[in-house]
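S.K.: Heads up: the protein sequence lines correspond to chains F and V, in order. Take the first sequence: its letter number 133 is residue 133 in the working numbering, and every next letter is one higher. Take the second sequence: its letter number 44 is residue 529 in the working numbering, and every next letter is one higher.
These aren't lab readings, by the way, just hints derived from the structure by calculation. You may find that some hints are simply not true.
Claimed, not checked - The following residues of chain V were derived to be distant from chain F, with all beta-carbon distances above 10 angstroms:
| hint | residue |
| --- | --- |
| 1 | 521 |
| 2 | 530 |
| 3 | 562 |
| 4 | 572 |
| 5 | 595 |
| 6 | 617 |
| 7 | 659 |
| 8 | 671 |
| 9 | 694 |
| 10 | 710 |
| 11 | 827 |
| 12 | 829 |
| 13 | 849 |
| 14 | 873 |
To be verified - The list that follows gives simulated cross-link-like pairs (lysine-lysine, DSBU-like), each with its CA atoms no further than 30 angstroms apart:
| hint | chain 1 | residue 1 | chain 2 | residue 2 |
| --- | --- | --- | --- | --- |
| 15 | F | 341 | V | 697 |
| 16 | F | 389 | V | 714 |
| 17 | F | 415 | V | 697 |
| 18 | F | 448 | F | 306 |
| 19 | V | 847 | F | 172 |
| 20 | V | 654 | F | 260 |
| 21 | F | 174 | V | 697 |
| 22 | V | 665 | F | 415 |
| 23 | V | 769 | F | 341 |
| 24 | V | 847 | F | 200 |
| 25 | F | 389 | V | 769 |
| 26 | V | 697 | F | 389 |
| 27 | F | 341 | V | 665 |
| 28 | V | 697 | F | 306 |
| 29 | F | 173 | V | 847 |
| 30 | F | 458 | V | 697 |
| 31 | F | 82 | V | 697 |
| 32 | V | 665 | F | 458 |
| 33 | F | 341 | V | 654 |
| 34 | F | 389 | V | 522 |
| 35 | F | 389 | V | 654 |
| 36 | F | 10 | F | 448 |
| 37 | F | 260 | F | 249 |
| 38 | V | 665 | V | 654 |
| 39 | V | 654 | F | 448 |
| 40 | F | 10 | V | 697 |
Source: prediction; values computed, not measured. Quick reminder that beta carbons are idealized off the backbone N, C-alpha and C, glycines included.
One letter stands for each residue in the lines below.
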Amino acid sequence: MQFRQMNSQKNQQHLLWRAGFGPSFQDLHYPGNKSPQDIYKDLFQKSQGELQQLIVVTATSLGIEKGEMMRSGINTLTNEQKAKLRKLNREGFKKLNLLWLDEMTNSPAQLREKVALFWHGHFACRVNNILHQQELLHIIRTHALGDFKTLLIEVSKSAAMLSFLNNQQNRKKKPNENFARELMELFTLGHGNYTEQDVKESARAFTGWGFKPGGEFVFRAALHDGDQKTFLGESGNFSGEDIIAIILKQKQTARFITEKAIGFFAGSIPSEKIVQKISDDFYSSSYSIPVLLASIFTSTWFYEEKISGNKIKSPVEWIIGIRRTINLDESQKDWQLIMQKLLGQVIFFPPNVAGWPGGTNWIDSSTLMYRLRFPILLNGNTVDLGNPKNDDDLEMGRPANVEKIKSGSNGISNKLSLHADWVAYTKHFEMISRDKLMNAVRSSILIKDHLDQAVLEKHVNRSSREEYIRSLTIKLMSTPDYQLC
Amino acid sequence: MKRRKFLEGSALFTGSILVPRFLKAWEQPGIEKDGQKVLVIIQLSGGNDGLNTVIPVRNDIYYKSRPGIGIKPADALSLNDEASIHSSLPAFRELYNEGSLAILSNVGYPNPDRSHFRSMDIWHSASASNEYLTTGWLGRYLDAMCSGCDHPSQILELDDTLGLALKGKWNKGIALRDPKRLFNTARDRFYEELATTANVPQLESAAAYLYKTMASTVSTAGYIFEQSKLRPSSHTYPQTKLGQSLKHISGLINSDINTKVYYAEIGSFDSHAGQASLQQRLFKDLNDAVAAFTSDLKKQNRFDNVLLFTFSEFGRRVAQNASNGTDHGTANNMFFIGGGLKQKGFINAMPDLQNLQDGDLKYNVDFRDVYAIVLRQWLSADDKGILNRSSNYLRFI
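Okay, chain F solo, but in the shape it has when bound (with noise of 0.2 angstroms):
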């Protein structure tokens, strides 16, 4: 009976952390016989309530047109205002990332949230536009628990992917075919899957997309070549709808978002058999999302022991892990981007349209570090992290930083200290006694552990039982075994 339970617990754990972004205190209250498929209702349920638009830009607050924003216009605009511009583009994509993050954190909806990450990684798109980027994360939130279909369409006419892709710059007679291209390789079929000619005629279909200096889409009538094109075996006088539908009538396009899915959300893939199936399901349900979550989210391989607690957390469900585990002051919130920057994973920065490869790729010997450290920082000490890599996308135009070396060997830093509410944390454990302590700290924090009991406990600190919990969660967390989920 007790083992029955343990088990539901850490399958509990599993589906919090694959579905969300690990369990608060709350959710590991959940009662020890409800089923993962019962849990899995309830995140469910929980998602599918009203959605708020994130907004950290408008064109008001930006003082000037929307227009302005873009390349085109940016050219008629002073010095002064170019510079302002770039300085509100900048802290909005700060402000963007941060309010997200909050929301990953903090909002009930946590299978939306997860699920957006996804296509957010996805749909990667690399545009230096804020107003363009709330816009198209908005479409991802928004469509991340609907219908495949509306989705593509809508990422596909957003001003963001559209400008990301050069549709801008594809038309009649001059196609370019980066979209197209990407469209089918990167976003539904998968590459090998269509011809060198699939792409030249397709892209002649989405020729006229655009979209205007708001961000709004436009269809061009006079940049559209509206004659005929063959494409996936079929012709036509197609438009850029049409060739979507096509794609979406492959069944190799649902079996390729199948397998991201389950890459993404399982870390491995189970049987041809069960992928098969899955996709043929995701197929037959004309692309809903819902149903192919949850034809992963209630099977039982999903619970098997080579899946759980076997995927290394991206450094966005590391971040967000430990929010929902400790609170910390509300006012540090700058750590979360530095975090970003030195482990390799940007909100709204992928490092180009194939998205962030994750897996093993996350973990290096200075990203490792990163991680294996960064958890005494929520025991009030200051840590030095170093700095991260410049992005010149992001840093355009700004004078270079000739970087001279302090005196000392530790001149150069990124100084970061936190602070925790150990108070609030420790009180989760104040109903249990303490000779079951050591595993109730263990099994909250650690899906799955390899760690040898006599290390923790000579690691420890014992002089009280709030710093025992304190040192004993801040030393798991500083484990090989914390970066997994």
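Since the structure of chain F is already known, use the hints to place chain V on it.
M.R.: Just chain V, lined up with the frame of chain F:
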């Protein structure tokens, strides 16, 4: 001797599943010190303007395109009848005069990308511009020469984070600001005890990868630190990030370390406005650091075994913009410095300013061909396997 002592003194090397593989890595025969070739790469981040670095002083188009920022012959250091070098790079001219510097012009790739990040991504991964790779060219070199070993100090980056160039599929290089700092960061009994006691069942699991990386970091940090103390450079270097990086590199080159590639960076060269002062400042930094480094290496009799090259993610447009700067362009030049160059001075023709594509230089040397010859000729590696392409071999190394 010292290495042994470190091994014995470390709890990491007792009773762990990780030990046998580690010991294997440690006990690989030491690499011969004399004659060991070393590659040093300096990344000029932000897109350095190649045309104002090596200046075509006889070219009217150059001056017409750049009325505000074109550098007059009198304001630059002459290399030959046609070309001068930026006045803040006197050490480069000296190296040129003594035959230790080569200039390769018009380096780029087809369908160039003008985003800093993406173009750097392409240079780091050595991909085509419509191809997305998740590993870097030096990381794949590490994979090729280090299969089954857990000891990634063959490629080192002098920075706080590791760039894509040094990340392989199985192995990743090490990033360090300086050897002591890395050592102090990684030296923690807790990590060592975890590594030696953890019960990690499957070698192929994510947990095993994490434990392996942790153990490898702790041991490699110790190894690099020990090596850095053997023969630290006593030469004077500028107190800049690049200067200090090259000083650490010099000390390690003179140690018994197994490192073959060092990676350093300077920037940002993104000169959209006020280019003259920006380039002057960064070039002085670059010049002084490289001057100290090359004279140090010569003093240590190591200059012939070191090849240093510079690159940038792209060059800049031929015509200047309205802010006395230049915007993102395409092809660019690269410097090669060392005592062992086969071809010196100008390896190929200067950029053809009459034959532009939409106002940009056309590349005629693919940067992957440069990597290929460096891998094959300098590092004795299988360039085809690492770059996954057949290359046109250049002959200057």
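S.K.: Give me the numbers of the hints this structure contradicts, sorted from smallest to largest.
M.R.: 2, 6, 7, 8, 9, 21, 31
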